[in-house]
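Once you have looked at the hints, place chains D and U on chain Y.
Here is what each chain is made of, one letter per residue.
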Amino acid sequence: MNPNYPRDCWYVAATSDEVGSGLFGRKLLDRPVVLYRLESGEVVALEDRCAHRGYPLSKGRLEGGLLVCGYHGLRYDTAGACVGVPSQPNVPYGVCVRAYPVREEPPFVWIWPGQPGTSSLHSPPQLPWLSGDGWSSSGTTVCMAANYMLVHEHYLDLTHIPEVHPEETPPGLEQLPPLDHVAVSETSVTYTRTLPPAELADWEAEATGLPRDRKYKRRHHGTFISPAILAEGWEIDGDDGQLYEQARIHAVTPESPTRTHLFSRFAHNFALDRALVDQHLHAVMAKVMREDVAVIEAVEATAGYEGSASGIHLIADAGVLQVRRIVARMLATETGRTSAELDRARSGRLSASSTRLRASPGRQPRLPRCPRW
Amino acid sequence: MNPNYPRDCWYVAATSDEVGSGLFGRKLLDRPVVLYRLESGEVVALEDRCAHRGYPLSKGRLEGGLLVCGYHGLRYDTAGACVGVPSQPNVPYGVCVRAYPVREEPPFVWIWPGQPGTSSLHSPPQLPWLSGDGWSSSGTTVCMAANYMLVHEHYLDLTHIPEVHPEETPPGLEQLPPLDHVAVSETSVTYTRTLPPAELADWEAEATGLPRDRKYKRRHHGTFISPAILAEGWEIDGDDGQLYEQARIHAVTPESPTRTHLFSRFAHNFALDRALVDQHLHAVMAKVMREDVAVIEAVEATAGYEGSASGIHLIADAGVLQVRRIVARMLATETGRTSAELDRARSGRLSASSTRLRASPGRQPRLPRCPRW
Amino acid sequence: MNPNYPRDCWYVAATSDEVGSGLFGRKLLDRPVVLYRLESGEVVALEDRCAHRGYPLSKGRLEGGLLVCGYHGLRYDTAGACVGVPSQPNVPYGVCVRAYPVREEPPFVWIWPGQPGTSSLHSPPQLPWLSGDGWSSSGTTVCMAANYMLVHEHYLDLTHIPEVHPEETPPGLEQLPPLDHVAVSETSVTYTRTLPPAELADWEAEATGLPRDRKYKRRHHGTFISPAILAEGWEIDGDDGQLYEQARIHAVTPESPTRTHLFSRFAHNFALDRALVDQHLHAVMAKVMREDVAVIEAVEATAGYEGSASGIHLIADAGVLQVRRIVARMLATETGRTSAELDRARSGRLSASSTRLRASPGRQPRLPRCPRW
Chain Y
1 MNPNYPRDCW YVAATSDEVG SGLFGRKLLD RPVVLYRLES GEVVALEDRC AHRGYPLSKG
61 RLEGGLLVCG YHGLRYDTAG ACVGVPSQPN VPYGVCVRAY PVREEPPFVW IWPGQPGTSS
121 LHSPPQLPWL SGDGWSSSGT TVCMAANYML VHEHYLDLTH IPEVHPEETP PGLEQLPPLD
181 HVAVSETSVT YTRTLPPAEL ADWEAEATGL PRDRKYKRRH HGTFISPAIL AEGWEIDGDD
241 GQLYEQARIH AVTPESPTRT HLFSRFAHNF ALDRALVDQH LHAVMAKVMR EDVAVIEAVE
301 ATAGYEGSAS GIHLIADAGV LQVRRIVARM LATETGRTSA ELDRARSGRL SASSTRLRAS
361 PGRQPRLPRC PRW
Chain D
1 MNPNYPRDCW YVAATSDEVG SGLFGRKLLD RPVVLYRLES GEVVALEDRC AHRGYPLSKG
61 RLEGGLLVCG YHGLRYDTAG ACVGVPSQPN VPYGVCVRAY PVREEPPFVW IWPGQPGTSS
121 LHSPPQLPWL SGDGWSSSGT TVCMAANYML VHEHYLDLTH IPEVHPEETP PGLEQLPPLD
181 HVAVSETSVT YTRTLPPAEL ADWEAEATGL PRDRKYKRRH HGTFISPAIL AEGWEIDGDD
241 GQLYEQARIH AVTPESPTRT HLFSRFAHNF ALDRALVDQH LHAVMAKVMR EDVAVIEAVE
301 ATAGYEGSAS GIHLIADAGV LQVRRIVARM LATETGRTSA ELDRARSGRL SASSTRLRAS
361 PGRQPRLPRC PRW
Chain U
1 MNPNYPRDCW YVAATSDEVG SGLFGRKLLD RPVVLYRLES GEVVALEDRC AHRGYPLSKG
61 RLEGGLLVCG YHGLRYDTAG ACVGVPSQPN VPYGVCVRAY PVREEPPFVW IWPGQPGTSS
121 LHSPPQLPWL SGDGWSSSGT TVCMAANYML VHEHYLDLTH IPEVHPEETP PGLEQLPPLD
181 HVAVSETSVT YTRTLPPAEL ADWEAEATGL PRDRKYKRRH HGTFISPAIL AEGWEIDGDD
241 GQLYEQARIH AVTPESPTRT HLFSRFAHNF ALDRALVDQH LHAVMAKVMR EDVAVIEAVE
301 ATAGYEGSAS GIHLIADAGV LQVRRIVARM LATETGRTSA ELDRARSGRL SASSTRLRAS
361 PGRQPRLPRC PRW
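Chains as they are written, first to last, in my numbering: chain Y, 1 to 373; chain D, 1 to 373; chain U, 1 to 373.
Same shape as in the complex, but just chain Y (with noise of 0.2 Å):
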């Protein structure tokens, strides 16, 4: 199938802890890409693949702050411009790899690998639970052989806990009522449901520590920030005056059509100072990740992302559809400016993408566009 994804976005291309001193070779949206820490402590994005011969410069080397291609030794700099070439005195006017505007905000590296020269004029996403105020959180990473809808429909529909998670659900629920509300803007949908009192399921009396015989009320909402976050919340009211809440950051980054990095955190606002908690609820939800990617694949492996989102539509699909239908948009419109912008390129006027970058406020590219992206 062809990539479903929307390219002028932010997403997670790593985990701060995965970009070290070293080199990091990832796929992001069908590109390689390497990623490496300056000593000031900033990350770099280039393509990887070196603009000669085409081998991955995330088997090469850093050297004084470039980036050494290990075939040839060409020397980029953070900007992705070629800047020496140990066999010959001077560079080739225009050599360049590109480089990928890069944000840190712990625990994410977010990369935009959309349109040169507007990133700026986007924001990755406030992840607040995820910042450590008030909050405790940790995650798991795996990469799985799914579509990326295939990953945001499945969190966006959680009518699959019950069978898919028989264990985690209190006991009692057979199923999950409907959706209280599903509010759409133009680039976000958000869910709410509210839960029948019922009794604890074992990882939320552990995690918690509230009587086990006792109905607590819970509420389950989710947003889809974009198409590279889903969050969603679980709070289960105390009965004591306290509200434990927890947080679901799924980070969904497409690797290409049929594969999908998934940076999964799970974050809580209470017991902060019992690691043993902590310990507890990572495990879990490992154990409830691992039982989710099987599912995703299976989707993926029997009838693939064009043959699930053909199926029939329930009343539980109320924010996927309305999630496809904000991502059929974004699609158009990366289309339409491409077809736009080639009009306009044939019949030899300015380019819309010109005249946009000319307006922006954001940083401009600082090289000459490499032809190749």
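Among the clues, some could well be false.
When chains are identical, the list treats them as one kind, so a pair holds in a single copy or across two.
To be verified - Derived DMTMM-like pairs: lysine to aspartate or glutamate, alpha-carbon spacing no greater than 20 Å straight-line: (1) Lys27 x Glu297; (2) Lys217 x Asp240; (3) Lys59 x Glu291; (4) Lys27 x Glu232; (5) Lys287 x Glu39; (6) Lys217 x Glu105; (7) Lys59 x Glu174; (8) Lys215 x Glu168; (9) Lys59 x Glu297; (10) Lys27 x Glu104; (11) Lys27 x Glu168; (12) Lys59 x Glu167; (13) Lys215 x Glu245.
Don't read these hints as lab results, they were simulated from the structure. Here the structure is a predicted model, which means the values were calculated and not measured.
Then chains D and U, alone, in the frame of chain Y:
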């Protein structure tokens, strides 16, 4: 290559002992199928792909005679109709998966992957050698990497025996004699061959208990019964008034254009009270089958079916060539009917298939037809 | 990608010691080939695919100088003609597999995969360094996952040495100097480079026994002889009147557009009586080859040949660019001839190839030409 197998044919889906109380998923003629057995003993075959998101139903569970999808809990009855969706009060109109007609005649479970509503016009072939009445039989099942026609053509031309199975060839028989006769009907091909007197191969001596110091006459014959079944016979004239008959039944079910399920059964009508003979013949035939599979897979890997079928013809290929004609005619009929239906559908008239269904004496589909199949 | 290798060229099919008394199958230029040696020592190369069903002949056996197919026992002579079919008295007219012209010049067995009947217009290149006359040589064979031109281009631009083989680079030589000269003929390219005086790398010191405390002049040169052969020389001026010459011969044979057989040989003309030097150089060159293969396969995996070839050009690519022109010309000639023949065939005139064959001084095909090749 395109699929070269007729769909309007009863194929073996599984052996009876493969379908127990659990869910059994298998790909048959390019379609995922889930098989299970009701308490009544009846076998059900449904499309192995939930109508909602495409999750394989074989990863779900049975509950009170209903098949429950392991993803969002949709419930299906034995006709493939969705009769329950946990997350909402009613089932949307017409939600279903395809149900396949099934017939069990041990040791085989047969399936009809063809045009719905026409299965009752046909019956699975009778295979008396496997019914236990005067015969003892056993078998082996494999899934091999080859087109199903390579399997048929392998067994339609047994002049490979001296090269592929030299240990099982009667001593002195350096080659098989030409066929005596090839009889062709509209849908089947039968060949017969009389072998010159020869001593016993080891396996023949051990199975029959006949003295080794004499030469015996043999008759070898085979019948292509349908694209799903080829039956072979190997008779030794014991010179003691007894005919030692052996039958090999090859149930050939395409998984895809390059993979084939082979349900191989071997039967004999003598020494029925001697278990050691059964065990010995089972071991010999399992070895022979491994040698067959290796040869057939080597042809697929080197030439593929189309390459193999474009080779030169020998006299020994008389049966093969007749079978190719039969299969080509079956495929043309299916394609032609499809084209004719399309033409009629476009011109607004009743479709040929509807007309035929109305006239059919067999059972009608109980459900609105799923539009996806 | 489409094959980008000329077929009208002698390629190395195997090393002499690979072809013993058994059958040796190998895929060469997209075709399966079986090689074997007659009692006379002569090597035969036939299409490794029986004319009947496509079974690989290399899985058969030799019997009295004939190659017997392991499936139905068809017998082929050394010209590829089928001379026996066990299941029938006569061989159908014209049944054959393609026989390839072969020449053995140890350590290599050469094959002509091109237009039949024209092999005698060409000869495999002379490789005196490997004939043992004043030289000692050894080698290693691998099949790597890369287009054959990536192998040529790797060895045509040795400015990779300091990055890829830093341990084998003479100390102080951080980079190779530019080429002195690139000489181009219609079919070959030769480059030469003079290195500035430098101390000995470990492997050079151990091989030559020269004192380490001095600097030595070196000359490095290479020749693209044909799409099948690249020869490199590395000479150390011993300052004692002796020139320590070493040669690396890369025999490059495409298996498919993305896989290549590399028959690598290393020769030296000094210390011929010291086996330890041989062993040492063999080990060093095997290590160097592993490093080369890793780099070339990484380029194939990241960019493929077309992606790699569309990269920017450096001064060091002078030889590479000339070779690309030669190969493009060879491919255009082959394509053009094929087109011209087709045109003539359609208009009923004698084909260009027939005319050329009649005028050719070489041996003629003994058999009717197989139509499949």
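Checklist line | Numbers of unmet hints, in rising order | finding: Of the numbered hints given earlier, those the structure breaks are 4, 5, 6 and 11, listed in rising order.
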